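Visitor: One line per chain: the protein sequences are A and B, in this order. Quick note on numbering: the numbering used here labels position 94 of the first sequence as 94, and the sequence is numbered without any gaps. With positions in the second sequence counted from 1, the corresponding number in the numbering used here is that position plus 263.
If you are wondering where the hints come from, they were derived from the structure by calculation, not from laboratory data. A few of these clues could be false.
What the hints assert, rightly or not - Some, not all, of what chain A presents toward chain B, calculated at C-beta under 10 Å: (1) R52; (2) A55; (3) G56; (4) R76; (5) G80; (6) M81; (7) L89; (8) E90; (9) I104; (10) P156; (11) I160; (12) T217; (13) V224.
Claimed, not checked - Covered stretches of chain B, going by a simulated chain A footprint (3 or more residues, C-beta under 8 Å): (14) 406-413; (15) 418-427.
Because the structure is a prediction, the values reported are computed rather than measured. Glycine is no exception: its CB is placed at the ideal position from the N, C-alpha and C atoms.
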Amino acid sequence: MTNLIEIKGVTHAFQTPNGPLPVLDDLNMEVPEGELCAVVGPSGCGKSTLTRLIAGLLKPDAGEVWLHGEQVREPRNTVGMAFQNPVLLEWRTILQNVILPLEIVAPKMPKAEKEARALELLALVGLEGFEDKRPSALSGGMRQRASLCRAIVHKPDVLIMDEPFGALDAFTREDLWQTMHALREKEPFTSVLITHDLRESVFLGDQVIVLSGRPATRQFILDVAFPGPRVIDGLFATECVDMLHTLRDQIRIAQGRTTEEEK
Amino acid sequence: MNAVRRIGVPIAAIIIFLMFWEFIVWINGWPNYKMASPSDLIPAYVKYWSLFLEMGWQTLWRTVAGLAIAVLVGTFLGMLMGFSRTVRDGLYPLLVGFNAIPKATLVPVIALIFIGQHDLNTVLMAFMISFFPIAVSVGIGLSTLEPEYRDILRSLGASKFTIFSKIALPKTLPEFFGALKVAVTLAFIGTNLVEIVSPHGRGLGALFKSGETNGDYPLMFSVLIALAFLGIVLYYAVVLLEQIFAGWAERTEH
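Taking the hints into account, I'd like the entire structure generated from these sequences.
Guide: Written as structure tokens, this is what we have:
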């Protein structure tokens with residue numbers, strides 16, 4: 001399988017009044033086509049910076065980001081993004097919100113076709129009948145579902161998610177994990193998922209990358225071998241518990257590095 | 264029922280206010296040179312109705328013209344301040360300083376710069392007094408736009424203009440209309456400032472001055488009420504525009 005996302009030796013620093021603040025240090029990662037790569041790491045280790053680099057919104061100080069065999073130098077419309085904040089546009093209905101990327105990527109597509117595509121996705125995530133509602137009329141979980149639809153409506157190669165379920169309650173979050181699996185069955189995309197939730201990384205990821213404390217580099221890779229079908233109960237199987245323990249230990253190591261630096 | 268309430272309640276409030284005013288004047292036995300009562304105003308309106316129409320129109324169009332310029336200039340300044348930190352840091356002290364100058368002191372200044380151009384002077388003053396809230400609110404609306412909003416379009420390679428027109432502009436509309444409501448009443452103050460301080464025989468301000476010169480106190484009070492009336496009309500025109508363009512911002516009651 002070819003690697004759809006390749007990050008080669010990426011180093012990046014933010015310019016602050018107190019001089020440069022290094023956030024990423026010689027980071028390498030590869031995501032094969034169709035796979036979901038979960039990225040975990042201590043708070044403030046540069047995970048969000050990573051999403052902006054992959055999306056082409058930032059240029060790395062050193063190193064290269066490659067998507068589909070092409071080096072990323074600027075934003076490309078084959079990328080979809082979803083954030084912790086669903087950032088739906090309050091003046092548009094849910095349907096119009098989901099259509100938004102198509103207005104940019106495929107301005108000539110007939111309106112009926114755009115709407116049909118959006119409705120198909122909304123049905124897939126269980127938002128049938130809510131297409132004419134305003135975002136404020138929806139619950140947090142429903143808004144995040146709509147936000148996911150918007151992120152993939154233009155059939156991007158790459159879906160970048162920055163803690164999309166971080167603000168949801170535990171049960172809604174589990175519902176959305178299952179929705180993610182349903183989406184991936186119907187819609188092929190390669191995905192990077194930034195998360196703070198180790199269970200989420202194991203449940204959704206094909207591989208889990210643990211980043212070290214700032215400046216972040218790749219500390220550990222876990223190839224997820226999920227026992228049986230990806231259902232919530234599987235998370236309680238011994239194999240999963242072992243994986244979670246391993247990840248937990250790695251996070252502790254990663255945090256240790258930051259605290260040492262602070263001392 | 265709802266429509267009756269929405270129109271009935273404000274009208275009832277106005278009637279109660281007028282009755283209270285009439286009562287206060289009556290119980291104190293004030294002569295109309297001390298405080299005219301609502302019933303004194305009716306003869307003034309009957310006597311001078313054509314003047315009120317003419318002068319009211321003069322005041323109204325200059326106010327609206329000044330407000331229109333304030334919207335254009337204020338939005339433009341707000342955009343500059345919203346998009347560039349440098350511009351914001353540079354412009355803010357200048358704008359605040361300019362806004363702090365009592366505009367009455369500027370009336371003779373612009374009267375000297377544009378001698379005899381009364382229409383221009385008046386419109387200019389209405390503009391100068393009312394653009395500040397618009398500039399500030401548009402600036403704040405744009406600069407507080409969460410980066411994610413920009414990123415969802417920027418990551419698709421959308422142009423700056425597309426991001427502005429599809430996201431930044433509509434998102435700023437509620438703040439803009441909030442500021443416009445303040446600006447409406449300010450613009451009236453600006454227009455009347457010139458009409459009263461630098462009288463040139465036009466507008467409700469001039470009618471007020473003539474009431475003062477002739478000792479026609481009910482006329483002066485009627486001008487004040489006419490001004491309030493115009494202010495209310497213009498304010499609700501803005502509310503109507505707001506409901507059309509930014510009605511989405513109003514949460515429906517559950």
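Visitor: Decide, hint by hint, whether the structure agrees.
Guide: Do the hints match the structure? See the list:
| no. | hint | verdict |
| --- | --- | --- |
| 1 | R52 | 7 Å, holds |
| 2 | A55 | 4 Å, holds |
| 3 | G56 | 7 Å, holds |
| 4 | R76 | 6 Å, holds |
| 5 | G80 | 8 Å, holds |
| 6 | M81 | 5 Å, holds |
| 7 | L89 | 7 Å, holds |
| 8 | E90 | 6 Å, holds |
| 9 | I104 | 5 Å, holds |
| 10 | P156 | 9 Å, holds |
| 11 | I160 | 8 Å, holds |
| 12 | T217 | 24 Å, violated |
| 13 | V224 | 27 Å, violated |
| 14 | 406-413 | holds (count 3) |
| 15 | 418-427 | holds (count 5) |
Going through the hint list in order, the structure does not satisfy hints 12, 13.
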